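Going down the list, the protein sequences come from chains R, V, W, U and F. When we follow the working numbering, the leftmost residue of the first sequence carries the number 1, and every step to the right adds one. When we follow the working numbering, the leftmost residue of the second sequence carries the number 1, and every step to the right adds one. When we follow the working numbering, the leftmost residue of the third sequence carries the number 1, and every step to the right adds one. When we follow the working numbering, the leftmost residue of the fourth sequence carries the number 1, and every step to the right adds one. When we follow the working numbering, the leftmost residue of the fifth sequence carries the number 1, and every step to the right adds one.
No wet-lab data here; the hints were simulated from the structure. One or more hints might be untrue.
Capping the alpha-carbon separation at 20 Å, the derived lysine to aspartate or glutamate pairs in EDC-like fashion look like this [as the list claims (entries may be wrong)]:
#1 W/K93 with U/D130
#2 F/K159 with R/E30
#3 R/K195 with V/D180
#4 W/K191 with F/E129
#5 R/K93 with U/E174
#6 V/K78 with V/E92
#7 R/K195 with V/D206
#8 R/K192 with V/E63
Here the structure is a predicted model, which means the values were calculated and not measured.
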Amino acid sequence: MTRPLLVIDGLAAGYGEAAVLSGISLTIEEGRTLALLGRNGTGKTTLVDTIAGLTTHHAGRIHLLGQDITRLRADRRAAAGIGWVPQERNIFKSLTVEENLTAIARSGPWTLKRVFAMFPRLEERRRNLGNQLSGGEQQMLAVGRALMVNPRLLLLDEPLEGLAPIIVDELLAALRQIVRSEGISAIIIEQKARKILPLSDDALILDRGSIVHHGSSAELLVNDDVMAEHLAVSRIGTSA
Amino acid sequence: MIALETQGLKRRFGAFVVTNDVSLRVERGARHALIGPNGAGKTTLINLLTGVLKPSAGCILLEGEDITALPAHRRVKKGITRTFQINQLFGEYTPLETLALAIGERDGIGGNLVRDLGSFDDVVDEAAELLSRFGLGSVMGQRTATLAYGKQRLLEIALAFASKPRVLLLDEPAAGVPEDERHEVLKIVSDLPGDVTVLLIEHDMDLVFSFATCITVLVAGAIFAEGPATEVANDARVKAVYLGESA
Amino acid sequence: QEVVKIGLILPMTGPFASTGRQVEAGVKAYMAINGDTAGGKKIEVVLRDDAGTADQTRRIAQELVVNDGVSMLMGFGLTPLAMSVAPVLNQAKIPAIITSATTSAIMKQSEYFVRTSMGGPQSALPVATWAVENGLKRVVTLVTDYGPGHDIEKGFVDQYKKEGGEIVESVRVPLQNPDFAPFLQRVRDAKPDAVFVFVPSGVGSLFMKQFVERGLADAGIKLIATGDVTDDDLLNGIGEAAKGVITGHFYSADHDSPENKAFVEEVRKSNNGMRPNFMSVGGYDAMHLAYMALEKSGGDTDGTKLVEAMKGAEWTSPRGPIMIDPQTRDIVQDIYIREVKEVDGELYNVEFTKYEKIRAPNSAQ
Amino acid sequence: MSVVADGSRALAPMPDDAARSQIRRRSRIRLYELVIWFLAVAAIIVLPSKMLILTEIAILALFAVSLDLVLGFAGIVSLGHTAFFGLGAYVAGLFARHYFAEPVAGLILAGAASGLLGFATSFLVLRGSDLTRLMTTLGIALMLGELANQMGWLTGGADGLSGFSLDPILGLFEFDLWGRNGYIYCLAVLFTSTMIARRIAYSPFGLSLKAIKTNPMRAAMVGVPARRRIIIVYTVAAVMAGFSGALLTQTTSFVSPDVLAFHRSADVLLVLVIGGTGYLYGGILGAIGFTLLRDWLSVVTPQYWMFWIGLLLIILVLVGRDRLAGWMQYLPGRLAQSRSSRS
Amino acid sequence: MLTILFDGIAYGMLLFILACGLTITLGLMNFINLAHGAFAMTGGYVTVVMMNRYGLSFYWCLPAAFFVSAALGAILERTLYRRLYQASHLDQVLFSVGLVFMAVAAADYVMGGQQQLIQLPPELSGRTEIIGIGIGRYRLFTIVVCAFLAMGLQLILSKTRFGSRLRAAVDDRRVAMGLGINVPVVFALTFAFGSGLAGLGGAMGAEILGLDPNFPLKFMIYFLIVVAVGGTSTVSGPFLAAILLGIADVAGKYYVPAIGPFVIYGLMILMLIVRPNGLFARGGAR
Ligand SMILES: Nc1ncnc2c1ncn2[C@@H]1O[C@H](COP(=O)(O)OP(=O)(O)OP(=O)(O)O)[C@@H](O)[C@H]1O
Ligand SMILES: Nc1ncnc2c1ncn2[C@@H]1O[C@H](COP(=O)(O)OP(=O)(O)OP(=O)(O)O)[C@@H](O)[C@H]1O
Ligand SMILES: [Mg+2]
Ligand SMILES: [Mg+2]
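Okay, chain R solo, but in the shape it has when bound (with noise of 0.2 Å):
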């Protein structure tokens, strides 16, 4: 008994007047998770940030849970739901970690003891600001920071960058999990695909701003062809 929680129609957006997506229209249901592929510079991120209200609109309309979110300004999206994960992870420097956590909580299921269970590693540098964390902990501290919007759509930016294997294991089961048992979505932008495709139900492709390819994740893991078409493993320079 799945419902649409967010949807997006004929979508065009960019930075300024520089257009980067047309035509972006996708449905996602609750509790499933999308993966979100292509080459570099194909737009991935400034379509999370678009759905985050962190780019310039140009087209098109958003809806979250059949609220239409289009024109609101993105502090206002996260209350409504929205959980973002930044590519660059962007830590806040003169917080502590605690403090990261804290600053943008919402009430809901997820608490600083939740957040602490599932990443201990930051309970351990809880006093730390968040300027002396490693690469690691710091993902750990944003995808943790996400997690206390209590969103019902994650948005994920290349969450896996510069974790361990082992942690990389254990938090895409944990985000399964999170999205079977808690209704959310997530939008999850990841480089290597056969790394996630195994994970996500469904997954989208983007190239030069514009869906090349929308499925399920198990028929493309499978599809070798559109792999290699769209997300070449050997062509270089072609990103912007």
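Given the coordinates of chain R, assemble chains V, W, U and F with the ligands onto it according to the supplied hints.
Same frame as chain R, now just chains V, W, U and F with the ligands:
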């Protein structure tokens, strides 16, 4: 011969010991990888080796010479340099200027305040050559801050090359580099002359295993395991704390 | 009709802006009362702001001379500002009437300086005499640590000792000093009969308040001062605290003479109720001197002649009878001892004794 | 790496013309530079009545150029640059008064004295945040000002040092009342100093300075000895500030503790920021704009000129210097391009 | 001896009240707001006008000074300041100096150039002798107000979420927005609060420091010293710094008047050499 060695290296932040009695030896010309869980102290170790941080105890030997007390820039002159996990570039400079700076410093003309930079042809030519090797030739005149992330990443590595180090420390060089270019980068590194020592930190195990001949595993600030790559890869304890099932 | 230009250089902005404002008011008042012709020439005043910075004063002076062709300079709010124009005067040979700066040393820098404000410790000497005469035998001096302060301190101390008094201690307060607490405490701990004070006028009011707050008056320490401390302009703002303070000075807005009535009236009228103070009268008299000199020279603007014409000039100013000493070109005037009292609901420095024809002693430096 | 130390020609890198010309373009003389200097010289003949204010501008410009070396290139914010200006001013004054009244000798001595002070205090600006440096430098200047005030026997205290006059420059050119020779003298010193600063800016040394400013950690990692570089440039800048102070003394025959006052440090900072930091001519343009504007306004409204200056500063910031200077893009020589490298 | 100590503390506290608003705008918001003194001056003039022109009680003037300055701060923040949060520090300096210039001239135009003086209520003026220490009543009042203020501020900033939200917004505005912090409101409130504190300081300081149009320029250095020595990341740092500087200044001028003026600058330089990032630097965050 040992290129780089630490003896009982220690570093604490307050009461928190980040580097705990690390005695590491890296052979000259080695392709050595340093792995370990997040927060194990890998970056800190690099910071200690390059003089960004001062150790609380212990010493660092570069080709047998004690460099523990030297400031960072003197260590570079002695032949050890690094890349940063998070790009550390000069946003206002072009890649060309950036590399010219590094090459100039290496050649000892950096203190010259009367001659025009443009009159040092050999420096400029070398910078241009290095840029084109890293695929940055087309953007050498653009401001670094406006470059695409991947290009900046490449410049980060090229910049370390410009100092012609004898010991090169790479801190997650592939992070943020698109998958298809990762191997390219590592290839350039592998192709360094045989007497250049490379110490690589990386979480991408494909890369690590394809590159390194020798691996040190760091856990909680201390050396946990050490040995040839194949051996470490199959070590059950390493799997338990770091690799998980994927390797 | 030919025009004679007078360059008026004052600090109109910055910490000493109120000086500029008062002098300008005095100058304007003179012209309003006495018209704008002298010696058959039309007088035009060119006002420029030097913001209290010496090199600006110097440049402006030079420009006024070279570009605007002024025949006389006037103004100079502070000693260094006056000092800096001396070379210009010597080179250009035109007179400069000092309306505010008081240090003795200035007059030696150029033969072309004439002064209508006050010469160094002129107002302090009678205070010393008066103090001894009135049984204040032990005194602490407290002056601001800059040229005029040193001048006045030395003048007072010399005179006071000569009269047989004892100086317990001499305290100097930095020019940039927000809080008087430590200095007043020092005074208090020295337990003198009285404290003699000189601080620049704006600071005076703050000083008075802290003086009272610290209970020095209750501890039996009398406050005697030069008139800067009970500046007419600010007196009402100081309020109760000021009552009964004895000061010596050359001008009080309360001075009883027809000249003064007219002057005060005019300044109030055209400066929205502002009460003129001693700076203002300096400006007024400077204009008077300029007019007189031009009358005497018959409109000749040769600088040397003008200075000659100024020497020995004598007239009745709103402050009382005054004269320009022909030797020193400095002012000779009566100094009044005054007490702050309420008159018609306002506070005034009410004159009660006067010491006549006080000359500026060439003391200090 | 193909650049090998064995000297074999065959392995030497191919000369890359694009790279060479790009690097050389950095130090090309731009049209606006020629225009500025041409106008400055032409003014001697065209504007004989404006010599004094032009002198003041030249002095302030030199002061600002010296601050630009420290701020625009090495990234050290200073609110106490007037310490060097003031010391130079006093040294020149005392030297002329007690020993020898030839200006050029005094100028050199003043520069040397300020340079020494710069060297001695450079150790205090090596670390700390912007605010720390701001306050340390400010503290030094204020203490020096207080010292000048207290050492009345030497400096004349608050009344200033006066009663000296300068001999003709090099024994040939007298300081005239119109200020013509004074202006030529100041302009010559400004020109020479700016050219030296320009050399420094485009040298490898200059390149490393901005690197230290933008990213000290990385700069160290390419082998830049940051401390030494900062000490050197700070000393050089102090020498130039000393020159400008000496020029002030020599053209006015007067020094007062005002040369060490806070407002002077603040003014020069304003002037430099108005003109734009990091390309040397910012100080000169700023000095011209600021001085002329202030002079004009203080004639128009002696009491309230500050209001209008304030308003203009705010507009300048809000509208953006770049947009205001937008027309300059049409100048060949691309002033705008070099401006974009300011901080 | 103890009297000097008391005076020193009172003077330091006064410095703190004046500077603590700046600790917030400069320290926490990272905006080089040299116009801080202009807000303080506003508070001072509000007090002068209310007391001298309308005869209102001094106690009413303090909150009024706070709110008027805060309102002015809020208005300026909404219209001007907010455009410059992303600008370089040098631009901020230029902008705020411009504001100071305008404020100085405007105050001169509206209020006149002379020193403004107020009459304190009798229970606050004069002094009391307690066990041999002369206690100025107004100074005591200053100390009490300041102590409450410092404690209150410390609580707000360290124990409430508002403090960390503010710092988050300063660290990374875009990401803070993306994570649900209403940055414009946080900034406006904080700025208004800082300006209000300045106004309160101006009102309290008018009695001892005096008030004239040059106030913002004259005391700018003192504010900056307190914040620089105290460090920009806590309230207790500037608080301690202010007291230390106050005592040193007063004691220095009392015991060694000849070098009195050097004490405060010398101490500042010394402390900055020892602790370049202030007394309680937060792990070199900046
Ligand atoms: N702030 C910006 N202003 C203008 N253009 C931008 C900006 N950020 C990104 N772009 C451009 O938008 C396009 C899409 O970038 P985006 O970051 O969304 O790519 P991506 O798919 O996330 O790439 P990556 O894999 O490197 O993270 C690129 O061409 C990029 O150059
Ligand atoms: N300045 C500091 N103060 C306190 N703790 C610090 C500081 N710098 C680093 N640490 C801590 O030291 C530990 C080691 O950090 P380091 O960056 O060396 O880890 P790492 O091994 O590189 O991890 P990653 O793989 O995640 O990059 C971390 O737990 C970090 O929180
Ligand atoms: Mg991206
Ligand atoms: Mg790391």
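Quiz item: Honestly, which of those hints from before does the structure not fit?
Solution: Failing hints, ascending: 1, 2, 5, 6 and 8.
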